[in-house]
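Whenever a hint applies, use it, and build me the whole structure from the sequences.
In order, the protein sequences belong to chains A and B. Position 80, counted from 1, in the first sequence is what this note's numbering calls 80; the numbers after and before it change by one each time, with no gaps. Position 5, counted from 1, in the second sequence is what this note's numbering calls 1005; the numbers after and before it change by one each time, with no gaps.
These aren't lab readings, by the way, just hints derived from the structure by calculation. Glycine included, C-beta positions come from ideal geometry on N, C-alpha and C. Take these hints with a grain of salt, some might be off.
Stated by the list, open to error - Partial pick of chain A residues on the chain B-facing surface, computed with a CB cut under 10 Å:
1. M1
2. E2
3. N26
4. D48
5. E49
6. L50
7. L62
8. F74
9. I76
10. I77
11. L84
12. I94
13. L96
2 protein chains.
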Amino acid sequence: MEKVNLTEKFSKFSDYWSPKIAGEINDSYVKLVKLKGEFVWHHHEQEDELFLVVKGKLLIKLRDRDILLEEGEFVIIPRGVEHLPITEEEAHVILLEPKSTLNTGNTQNERTVANLDRI
Amino acid sequence: MEKVNLTEKFSKFSDYWSPKIAGEINDSYVKLVKLKGEFVWHHHEQEDELFLVVKGKLLIKLRDRDILLEEGEFVIIPRGVEHLPITEEEAHVILLEPKSTLNTGNTQNERTVANLDRI
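Here it is as structure tokens:
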């Protein structure tokens, strides 16, 4: 087991919306992802999903309201809740979700990343 | 669902070695804990445990080596691995672990906190 330095790991990739596996804990992965721009509306049928912002800002649109996450803030989106992540500038985000979770949830399209790299 | 601001939550308590529940995700809790001094050697039979340092430094002694975590670093201690958290100065740490996890793992003593507050 090795420790993970977030700054060092985030320096190792530059692609957006492509989560990297940084750790494995019980049935879940800790993933690191860089976000910029707008994703797609989706939800996860069975999985709650945590977003923790370590750099930048992340707007998570819900159907009835928006949640703006700044550095040092997290939110847990419960299973079944539709959400749309948007950032104006690059944001660095830690995701925590079950290993079964697909980034686009119930939707599969060109934004879907099924086989994640480990970092 | 509400977002959690880590700085704000950590300002709300001052006791050490007493994790507070800050979120619930699938079968796990996100917990916030302030650490200072030395804990007790223990392991968790069935649960992997994540330590993410958001302020200060945390030394995790293992039986064969030490891991020093600084701000922005995390480690996942696999189930079964004995560990002893130590800090010289106050450290603020995010824990992620299954709901079933007891802070003292296989050991129960005066440091055990069985009923965690939510924050």
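> Holds or violated: is there a CB of chain B closer than 10 Å to the CB of A:N26?
Replying inline: It holds, given that the least Cβ distance between A:N26 and chain B is near 5 Å, below 10 Å.
>> Take the shortest C-beta to C-beta distance between A:D48 and chain B; is it under 10 Å?
In response: Hint on A:D48: holds, closest Cβ of chain B at ~5 Å, below 10 Å.
> If you take the shortest Cβ to Cβ gap from A:E49 to chain B, is it below 10 Å?
Replying inline: holds (8 Å)
> Should the interface hint for A:L84 be scored as holding, given a Cβ-Cβ cut-off of 10 Å against chain B?
Replying inline: Cβ of A:L84 sits 15 Å from chain B, so the hint is violated.
> Can A:L50 be said to touch chain B, with a Cβ gap under 10 Å?
Replying inline: Since the shortest Cβ distance to chain B is 5 Å, the answer is holds.
>> So, as I understand it, the hint says A:M1 touches chain B; can you test that by seeing if any CB pair is closer than 10 Å?
In response: holds (6 Å)
> Can the hint on A:I77 be confirmed by a CB-to-CB distance to chain B that is less than 10 Å?
Replying inline: At 7 Å from the nearest chain B Cβ, A:I77 passes the 10 Å test, so the hint holds.
> Given A:F74 was flagged as interface, is its beta-carbon under 10 Å from a beta-carbon of chain B?
Replying inline: holds (5 Å)
> At a threshold of 10 Å, is the proposed contact between A:I94 and chain B supported by beta-carbon distances?
Replying inline: Since chain B brings a Cβ to about 8 Å from A:I94, closer than 10 Å, the hint holds.
>> Let's test the interface hint: is any C-beta of chain B closer than 10 Å to that of A:I76?
In response: holds (5 Å)
> Quick one, is the A:L62 hint okay against chain B at 10 Å, beta carbons?
Replying inline: holds (8 Å)
> Against chain B, with CB atoms and a cut of 10 Å, does the hint on A:E2 hold up?
Replying inline: holds (7 Å)
Hint 11 from the earlier list is the only one contradicted by this structure; the remaining hints agree with it.
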